[in-house]
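Engineer: Here are the chains, one letter per residue:
Number of protein chains: 2
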Amino acid sequence: MDTTEFRKRGKEMVDYVADYFEQLDKRQVYPDVEPGYLRPLIPDSAPQDPESFEDVLKDVEKIIMPGVTHWHSPYFFAYFPTASSFPALFADILSGGIGCIGFSWAASPACTELETVMLDWLGKMINLPEEFLAGKDGEGGGVIQGSASEATLVTLLAARTRTIRRVQSENPELTEADIMSKLVAYASDQAHSSVERAGLIGGVKIKNIPSDDKFAVRGSALKKVLHEDRAAGLIPFFFCATLGTTPCCSFDRLLELGPICNKENIWMHIDAAYAGSAFICPEFRHLLNGVEFADSFNFNPHKWLLVNFDCSAMWVKTRSDLTNAFKLDPLYLQHCHQESGLVTDYRHWQIPLGRRFRSLKMWFVFRMYGVKGLQEYIRKCSNAFRAGVTNRHLKFMFIGLQLFQGSNKLNEALLKSINDARKIHLVPCHLREKFVLRFAICSRTVESVHIQFAWKHISKLATELLKAQDKQQQ
Amino acid sequence: MDTTEFRKRGKEMVDYVADYFEQLDKRQVYPDVEPGYLRPLIPDSAPQDPESFEDVLKDVEKIIMPGVTHWHSPYFFAYFPTASSFPALFADILSGGIGCIGFSWAASPACTELETVMLDWLGKMINLPEEFLAGKDGEGGGVIQGSASEATLVTLLAARTRTIRRVQSENPELTEADIMSKLVAYASDQAHSSVERAGLIGGVKIKNIPSDDKFAVRGSALKKVLHEDRAAGLIPFFFCATLGTTPCCSFDRLLELGPICNKENIWMHIDAAYAGSAFICPEFRHLLNGVEFADSFNFNPHKWLLVNFDCSAMWVKTRSDLTNAFKLDPLYLQHCHQESGLVTDYRHWQIPLGRRFRSLKMWFVFRMYGVKGLQEYIRKCSNAFRAGVTNRHLKFMFIGLQLFQGSNKLNEALLKSINDARKIHLVPCHLREKFVLRFAICSRTVESVHIQFAWKHISKLATELLKAQDKQQQ
Ligand SMILES: Cc1ncc(COP(=O)(O)O)c(C=O)c1O
Ligand SMILES: Cc1ncc(COP(=O)(O)O)c(C=O)c1O
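Which chain is which? The protein sequence lines are A and B, in order.
In terms of the numbering used here, the first sequence is residues -14 to 459.
In terms of the numbering used here, the second sequence is residues -14 to 459.
Just chain A, with the same shape it has in the complex:
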């Protein structure tokens, strides 16, 4: 295939995607297929001879689409939003074309430098304290991680190394293994499972701090656990605060927690994976107050800021905390500028070695929307939500429904009937002992009309469920 053919087929692919978007509200949001559906539809092994683009594209519609859960359908209210925008798609085409692997400054200077500046732009948009920005010669700075899970892991590992070194310098008789076995990290009992996973990977204990009746961690709760753990000889070293928990979008109390962490030499990381994008709007920014106490902060533009997956933005105040935790420098990855202090080698900031040119997506999206356009988008989501769903406990853009107060069984049955009907798609969560239906605003193209439809649909199914139950009881 030459570039002439590439132009032709590439444009057909763009058209296919455009058609897909145009027809998306007509596709069934959740597929009908059963596990194992795909294998019988395609050959057992790769073809020996080349097949045509047309044949492959035909099979996309025949074999792939019937098994796709359409995350960008306006009837998708499950999990969380995942970003999709035209500017990000353009940037990804470009990034694929350039195809550089930006693990170090020299591996493609533009890839590293645009990333550093984009993270500064984004940091300023949410009014992050100066210390988190790279500026011309700051000690802090930002990086694109693949996911919030990796950001939590990377910061936990950096905190682990920093703590081991400090404790060892104070107690030279302790081995690294001794210290490791005493380390303990913390997060809310509402925190995302990735925090527990980071503890598992890093080989350190991780404990839940009980949240209050608003599902937020208070300073007093952390203090109590710290007190017990210090008394038991443990070494608290890491606390992951959540802003916008996955089940119900609660916010840990940073202003209470931050000073405690600072005083106790505990690395405070903030995971705002989902809700963080809202901080670009001044009216939501107060929810980030207290970030000044944190060592690191993370949220996912790939969730709610129109930058396609993957793009998880993470900042640290002291970049050497990261590089100290990871730095290994074989000759084949060295370059002549690396000790200049001016350059950033992002491979020391992350788990993988290779990295794509992902900052292009941020650049395209920030410029083609403008800050005002992005704020408008965040507001559109919350407003569509408010307009569609009345009389509920509102949190920006999603809601926990316990339609049948006190009956998990009925709520479970309702969720099943909703998802079985295939008109909309939801997932549940647990809030303490309650089984809750989670309703999240996800698609960029969702309007109040879709939400109103969903609301009526849910009400209808709930009524049917109650009627059926009444009949059974008669």
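Dumping the calculated SDA-like pairs for lysine to any residue here, alpha-carbon to alpha-carbon at most 20 Å:
1. A:K11 / B:D(-13)
2. B:K357 / A:S30
3. B:K190 / B:S166
4. B:K302 / B:G123
5. B:K109 / A:S30
6. A:K452 / A:A406
7. A:K109 / A:G355
8. A:K121 / B:I27
9. B:K357 / B:F269
10. A:K208 / A:L219
11. A:K(-4) / B:Y1
12. A:K167 / B:L185
13. B:K190 / A:A162
14. A:K121 / B:G21
15. B:K401 / B:L416
16. B:K(-4) / A:E(-10)
17. B:K209 / B:D198
18. B:K167 / A:T146
19. A:K47 / A:Y22
20. B:K(-7) / A:D4
21. A:K190 / B:S166
22. A:K199 / A:K419
Reference listing, derived: stretches of chain A covered by chain B, where coverage requires no fewer than 3 residues with Cβ under 8 Å from a Cβ of chain B:
23. -7 to 2
24. 82 to 96
25. 108 to 122
26. 135 to 147
27. 186 to 194
28. 328 to 340
29. 346 to 354
Footprint (simulated), chain B over chain A, 3 or more residues, beta carbon under 8 Å:
30. 6 to 17
31. 48 to 54
32. 288 to 298
No lab work stands behind these hints: they were computed from the structure.
We put the beta carbon where it would ideally sit given N, CA and C, even for glycine.
Use these hints to put chain B with the ligands onto chain A, whose structure you have.
Structural biologist: Frame of chain A, contents of chain B with the ligands only:
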């Protein structure tokens, strides 16, 4: 922006990328910019109001391109190849459009199922033992990781958990911390830095096994270290063998090492990140003999198999080893099929939670090239190489040059003059005490003519260097 505008701009982007490819051999392979070049070229913060696509695209040429290292230039011989092909680019446009996040089967069944089948296809192409394939109900199977580094980390962590459980069941008096502190993992002194990094992350000791005079690890060398470490009370649990080491493409002796690992209850992982793609050619497949002893195997189609980054293929014989190491199941990620035994939830197989629809790239590439086309491509690379460079120690597709036998200083000076001249781009490596110039065949479009040019160019610079030295000595 509506879909009409998306079609228009998307196609312009495709044309830009096509133009880029057509002119690539005319662009300077390595940029002239100095660290910090980009920041002064763009505003301090994101614009408030939207800018046009034209303005952004203009800036790509003005601001980005001057700082790009062109990995797909036919004059790029640095690091390792990174894959780029038209079918993969088409698939990435599609994957971006669908934009699903396939962390579980239910999150998009097609995303998970195509991946499982593509890894079976690829496994068959390299004649991997049946146990590594998923088939209809196998215990093994494959997964796409983002990088070889992550594959090594994930398998090391799985081995760590498996070993801790086994040792604990045999010695209930030992705590997890006791066992952790005794665990030790191994790799060649030629292994990629990612192996040492995996040990750092997982909090376990990692030791180098001395390689022989062909830079390969022999069974005897492993045995010796195991003997010493067992005597010292350590618990050997993981060995990472390398097929195609980064500095000089040496191959550890699997047929000697495998039986030792099996007997000693050591998880053998094989890292063939770079060379692995060659195993699709029957004439190179013998280099993989011994894989039958391994617990896990990994190579990067995103390096040399025309599937754009990121796509690192990893297989395990026992998938429950992975899921046991990681499995955490909050309600919001559960779905009704997950206990059926038929479905795969890939989030339990990897570090991040989210994942893109990457198997589309494999599907497009495998079908549009066909196995024969892919084999031809691998052979083209080795042949171009052989034709261009004579009388050198040949290994598929790259070579270590110590042009000035015995003089590291001269070789360093030569590399500097090569990279300063900006005609071609190389990176060095160390082989024991020697500073070596690494010459790798990277670009899909490289032909013998480019290699011959590079060869002449290097010879010319070497001659000049010698002349200058002679003058100095006079
Ligand atoms: C609060 C929170 N943290 C972390 C995550 C995980 O994000 P990722 O998929 O980027 O790892 C999520 C995902 O929903 C989340 O809601
Ligand atoms: C032998 C070997 N292992 C691992 C890696 C790392 O690969 P990745 O960038 O996919 O982590 C490389 C990269 O060159 C390699 O050559």
